[in-house]
Amino acid sequence: MTVTVKTDTDIELNIKKLDEMLKKIELLENDKSKMLRFVTISEFAKIRNCSIATAQRIFRQKSFPSERVSESKKL
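Sequential numbering of the sequence shown, starting at 277, is according to the working numbering.
Check each hint, because a few of them may be wrong.
Derived SDA-like pairs (lysine to any residue); straight-line CA-CA distance at most 20 Å [unchecked claim]: (1) K338 to K300; (2) K338 to I328; (3) K300 to T316; (4) K292 to L303; (5) K293 to T278; (6) K322 to L303; (7) K322 to E302; (8) K338 to V315; (9) K293 to F314; (10) K338 to A321; (11) K299 to L312; (12) K300 to D284.
Derived Cβ-Cβ restraints for the label pairs, each shown as a range [claimed, not checked]: (13) E288 to K338: 35 to 41 Å; (14) E296 to I323: 26 to 32 Å; (15) V315 to T280: 34 to 40 Å; (16) F314 to K338: 17 to 23 Å; (17) L298 to I323: 27 to 33 Å; (18) E288 to I323: 50 to 56 Å.
Calculated from the structure, these hints are not laboratory results.
Source: prediction; values computed, not measured.
No residue lacks a Cβ here, since even glycine has one placed at the ideal position from N, Cα and C.
Hey, can you work out the whole structure from these sequences and the hints?
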């Protein structure tokens, strides 16, 4: 890893940012459930750039890892 320090580099600010990032990483490592995010059919359609109908067909496949949560299926 290479670190470049210039005369206008605010070292204190960069240390503060790194500390904040390390705290966030530690929180995520301690609570894996925060890493889980459900995706709706419409979000999936946008991600895959397909129609809602196509996304619904994909979600209905037995091999596709989706679960019904409330009234909608989520990935």
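Results of checking the hints against the structure:
In summary, the hint linking K338 to K300 is not supported, as the alpha carbons are separated by about 36 Å, beyond the 20 Å threshold. For the given pair, K338 sits about 18 Å from I328 by alpha-carbon distance, which is consistent with the 20 Å threshold. Distance check on the hinted pair: K300 and T316 sit about 26 Å apart at the alpha-carbon level, beyond 20 Å; violated. With a C-alpha separation of about 17 Å, the suggested pairing of K292 with L303 holds against the 20 Å cut-off.
Straight-line distance between C-alpha atoms of K293 and T278 comes to about 18 Å, which keeps the hinted pair within the 20 Å bound. As the CA atoms of K322 and L303 are separated by approximately 30 Å, the hinted pair breaks the 20 Å bound. Between K322 and E302 the CA atoms are separated by roughly 31 Å; this puts the pair beyond 20 Å, and the hint is violated. Only pairs whose Cα atoms come within 20 Å are accepted, and K338 paired with V315 is accepted, the gap being roughly 17 Å.
Under the criterion of a C-alpha separation no larger than 20 Å, the hint pairing K293 with F314 is inconsistent with the structure, at around 29 Å. Annotation: proposed proximity of K338 to A321 holds, straight-line Cα distance about 18 Å (limit 20 Å). Between K299 and L312 the CA atoms are separated by roughly 18 Å; this keeps the pair inside 20 Å, and the hint holds. Restraint check: the Cα-Cα separation between K300 and D284 comes to about 27 Å, which exceeds 20 Å; the hinted pair is violated.
A hinted range of 35 to 41 Å for the beta carbons of E288 and K338 is inconsistent with their spacing of about 56 Å. In this structure the hint that E296 and I323 lie 26 to 32 Å apart at CB holds, the actual value being about 29 Å. Between V315 and T280 the C-beta distance comes to about 38 Å, which sits within the given range of 34 to 40 Å. Judged by the Cβ atoms, the range 17 to 23 Å given for F314 and K338 holds: they are separated by roughly 19 Å.
Remark: the range hint 27 to 33 Å for L298 to I323 is upheld by a beta-carbon distance near 30 Å. Between E288 and I323, the C-beta spacing of about 39 Å breaks the proposed range 50 to 56 Å.
Against the hints set out earlier in the document, violations occur for numbers 1, 3, 6, 7, 9, 12, 13, 18.
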